[in-house]
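Chain A is fixed; fit chain B with the ligands onto it per the hints.
In case you want the letters, here they are:
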Amino acid sequence: MMTEKHEEVRMTGDSPMLRVKNLKKYYPIKAGLMQRVVGYVKAVDDVSFTIQRGRTMGLVGESGCGKTTVGKTLLRLHEKTAGEVLFMGSDIHQLPHKELRRVRPKYQMIFQDPFASLSPRLPVAEIIGEAVREHQIVPNDEYNDYLDSTMKACGLEPYHKDRYPHEFSGGQRQRICIARALALKPSFIVCDEPVSALDVSIQAQIINLLKDLQEEFGLTYLFISHDLSVVEHISDDVGVMYLGSLVETGTKKNIFQNPLHPYTKALLSAAPVPDPTAKRNRIILEGSIPSPANPPSGCKFHTRCSECMDICKVEIPQTREVEPGHMVACHLYNDQGTVVEDA
Amino acid sequence: MNNRKKGSLFERINTMTKPKDSNHLTAREIRQIARENRRVTDALENKRNRKNVPESEYLTTMKNPDNVVEFDGLRTYFFTDIGTVKAVDGVSFEIPRGKTVGVVGESGCGKSVTSLSLMQLVQRPLGQIVDGAIRFDTGDKVYDIAQTPYQVMEKIRGSKVSMIFQEPNTSLNPVFTAGYQIDEVIQLHNPEMTPEEVKALSIEMIDMVGIANSEGVYNMYPHELSGGMRQRIMIAMALSCSPKLIIADEPTTALDVTIQAQILDLLRNLKDQINSSIMLITHDLGVIAEMADYVVVMYAGRVVEKGTATEVFKNPQHPYTVGLMASKPVINRSVERLYTIPGNVPNPVNMPNHCYFRDRCERRTAVCNGAYPQEVHITDTHIAACYHTSAAEKQV
Ligand SMILES: Nc1ncnc2c1ncn2[C@@H]1O[C@H](COP(=O)(O)OP(=O)(O)OP(=O)(O)O)[C@@H](O)[C@H]1O
Ligand SMILES: Nc1ncnc2c1ncn2[C@@H]1O[C@H](COP(=O)(O)OP(=O)(O)OP(=O)(O)O)[C@@H](O)[C@H]1O
Ligand code: SF4
Ligand code: SF4
Ligand SMILES: [Mg+2]
Ligand SMILES: [Mg+2]
Chain A
1 MMTEKHEEVR MTGDSPMLRV KNLKKYYPIK AGLMQRVVGY VKAVDDVSFT IQRGRTMGLV
61 GESGCGKTTV GKTLLRLHEK TAGEVLFMGS DIHQLPHKEL RRVRPKYQMI FQDPFASLSP
121 RLPVAEIIGE AVREHQIVPN DEYNDYLDST MKACGLEPYH KDRYPHEFSG GQRQRICIAR
181 ALALKPSFIV CDEPVSALDV SIQAQIINLL KDLQEEFGLT YLFISHDLSV VEHISDDVGV
241 MYLGSLVETG TKKNIFQNPL HPYTKALLSA APVPDPTAKR NRIILEGSIP SPANPPSGCK
301 FHTRCSECMD ICKVEIPQTR EVEPGHMVAC HLYNDQGTVV EDA
Chain B
1001 MNNRKKGSLF ERINTMTKPK DSNHLTAREI RQIARENRRV TDALENKRNR KNVPESEYLT
1061 TMKNPDNVVE FDGLRTYFFT DIGTVKAVDG VSFEIPRGKT VGVVGESGCG KSVTSLSLMQ
1121 LVQRPLGQIV DGAIRFDTGD KVYDIAQTPY QVMEKIRGSK VSMIFQEPNT SLNPVFTAGY
1181 QIDEVIQLHN PEMTPEEVKA LSIEMIDMVG IANSEGVYNM YPHELSGGMR QRIMIAMALS
1241 CSPKLIIADE PTTALDVTIQ AQILDLLRNL KDQINSSIML ITHDLGVIAE MADYVVVMYA
1301 GRVVEKGTAT EVFKNPQHPY TVGLMASKPV INRSVERLYT IPGNVPNPVN MPNHCYFRDR
1361 CERRTAVCNG AYPQEVHITD THIAACYHTS AAEKQV
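Chains as they are written, first to last, in our numbering: chain A, 1 to 343; chain B, 1001 to 1396.
The following block holds chain A by itself, in its conformation from the complex (with noise of 0.2 Å):
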């Protein structure tokens, strides 16, 4: 046991589990009857960073910033636009396809949308084990028992197994989901929106679940949530977005107790706190998102932004370095820490 585990250590070296950089996904907009294109939706607009294994980096941000995005792309469940995803140093987005479908199980995603990625025809026992079979993930003569306990593990009970997606709630489609990725033994998952289906008790039992999956086997999470006090407790790192790109990315403790980007301000002033009588200090964001497909010039921000400044309108701010690990995109940090080139 002791000696497996170092022998993977070292091939995969000092590399991240992933690394991700400069990566891009345009969605072609088509018009006319001849389906010409006639503009782009910049969906994740270079965007970079860096997950070390065995961590959790959280991704928040604005509903259609292009989160769900990025979790697709890095996983090539859609081609990219341009940049590069390196798993362990190496490039899936260069890999054939029949390499590709090898490792396929090591790199999974639970969905946001449980209905819509679950197949209406199959039981809930052959959702879950169809994979398992074909990438041989346990013995056959194991095979039962390992549905059975990762069914348990994930909270579905044994007389669950012949029924179809449609006879279940909303938050069991999205455990039966979760079973489906964790069963397939990955070391990497993007988890989109997990448990935003589940109530608070499930919820709790989902995040531990993660947690000590991670601890067991070192897993790796990219974890995309709207609620921040999810992303609070399981994240390490933390990253912002906004329109496309990445404003601020820090440890948790960066994020959640000095945030920079006026974005990141304004987003955890909008957290809804479970006390009815609390006393709320919202910062409310005037106007509304801008479209991808025609972002405004300099900061993408500075539309709503409280601090704008003249030169937000026409500068792209840059990337910097303002404390050990805490990056962050913003005119008003130009005199603090150092540029980064990618993140």
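Treat the hints as calculated values from the structure; they're not laboratory data. For glycine and all other residues, C-beta sits at the position ideal for the given N, C-alpha and C. Wrong hints could be hidden among the right ones.
As the list claims (entries may be wrong) - Here are the simulated DSSO-like pairs of lysine-lysine, each with C-alpha atoms no more than 30 Å apart in a straight line:
1) B:Lys1155 <-> B:Lys1244
2) B:Lys1099 <-> B:Lys1271
3) A:Lys30 <-> A:Lys313
4) B:Lys1314 <-> A:Lys265
5) B:Lys1271 <-> B:Lys1155
6) B:Lys1199 <-> A:Lys30
Stated by the list, open to error - Where chain A lies over chain B, by a calculated footprint (3+ residues, C-beta under 8 Å):
7) 1096-1106
8) 1208-1219
9) 1274-1286
10) 1313-1325
11) 1380-1389
Claimed, not checked - Calculated from the model, a selection of chain A residues having no Cβ within reach of chain B, i.e. all distances over 12 Å:
12) Pro16
13) Lys21
14) Arg102
15) Gln112
16) Ile137
17) Tyr146
18) Phe217
19) Ile284
20) Val314
21) Gly325
Then chain B with the ligands, alone, in the frame of chain A:
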């Protein structure tokens, strides 16, 4: 149906579905259950499908005229091949006029089915209201939705009560544009409007729910929108007819906090403008604390606690409510491990006779092995179903 009384149907179902370990049903037993199910559901369907039902059969009066909705002992069951799933099993609560009632509870405890029952949108013929009443005051008449024929319900749904669903992806039709789908709803309930007026109103609604580029989005298909945008389209659809009651089933689950805050504000303001009420289903206790005047806590198809928001949050009585509050992470209050309630919900096909929460409860004692606990009044408005609430302790 014949001249049997209402209660007897429910009793008959109860004897028909004698508890059975559903893991080990033989093919013959399944066939037998299926046959029996069809008998029951056919009878109920026929009753609902009748034409020209006299109004006296489904019009009623409210117990309290200040309420818009009164759920009274509602039971909604699913007649599946492995047995009867008692998704909602005797639920009673009120929605006062102009107020917001938050419903929380474990995933699968019957929150959605309760609201779908009010909309008569429970999956047919499998799912049926088998007992109880849902009194709904539409302004001019009071309907008992449990008795209202499908035909009549069609007119109420969408105009008097509308619903924002949990899963925007499946509730929007992928082959039509967002704008077309909003147009359709508006047209249906406002036949006198011209297509231009309808389109203008649709774009206004898209604008109102905080989407930039409303004219562009009007022409987009659901797959071109982000999860949050789809949800806002759903909200635009639901609010377009100024309903008396808005049922919002996890309306902001897919949204980030800034938009969530906007949408909640929007719902609150709209509610006051058109003097409607909101039934808000969510597991986000933060959202409930912010929005709800009253809170209903459900567990395994029944209401275990209800009261004003302050009562339930500041002085929770039922052990399940207490556990729920403890499970929630709170920003800047870090814990190593989140509290979880041990164990699982009992199998809905095979509910025990004692308190459903017993096997997970830290407060249980010998009395909890007795019958399902009665509701105990802590105050006039605060009620919990448990043997060991503080009020119950005092009585002993
Ligand atoms: N297949 C597609 N074709 C065209 N545009 C798309 C497509 N998928 C996503 N988009 C656009 O890309 C942008 C980012 O979408 P994405 O789903 O990544 O957002 P998100 O951050 O996950 O939002 P949410 O929190 O609402 O899920 C949105 O403006 C969306 O409209
Ligand atoms: N069509 C159906 N057939 C059989 N059982 C069903 C059906 N729809 C729902 N159920 C069952 O009814 C129960 C209540 O489901 P419901 O959707 O109301 O849960 P919920 O409280 O809304 O949960 P969530 O918070 O996860 O949305 C569940 O146990 C579910 O399995
Ligand atoms: S760069 Fe300017 S507009 Fe952008 S967030 Fe900073 S202060 Fe606001
Ligand atoms: S009745 Fe007993 S078992 Fe049930 S919740 Fe109350 S204390 Fe717990
Ligand atoms: Mg998303
Ligand atoms: Mg539900």
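The hints, checked one at a time:
no.	hint	in the structure
1	B:Lys1155 <-> B:Lys1244	13 Å, holds
2	B:Lys1099 <-> B:Lys1271	8 Å, holds
3	A:Lys30 <-> A:Lys313	29 Å, holds
4	B:Lys1314 <-> A:Lys265	29 Å, holds
5	B:Lys1271 <-> B:Lys1155	21 Å, holds
6	B:Lys1199 <-> A:Lys30	23 Å, holds
7	1096-1106	holds (count 3)
8	1208-1219	holds (count 5)
9	1274-1286	holds (count 4)
10	1313-1325	holds (count 5)
11	1380-1389	violated (count 0)
12	Pro16	25 Å, holds
13	Lys21	24 Å, holds
14	Arg102	29 Å, holds
15	Gln112	6 Å, violated
16	Ile137	24 Å, holds
17	Tyr146	18 Å, holds
18	Phe217	18 Å, holds
19	Ile284	8 Å, violated
20	Val314	21 Å, holds
21	Gly325	19 Å, holds
The structure fails hints 11, 15 and 19 (numbered hints given earlier, in ascending order).
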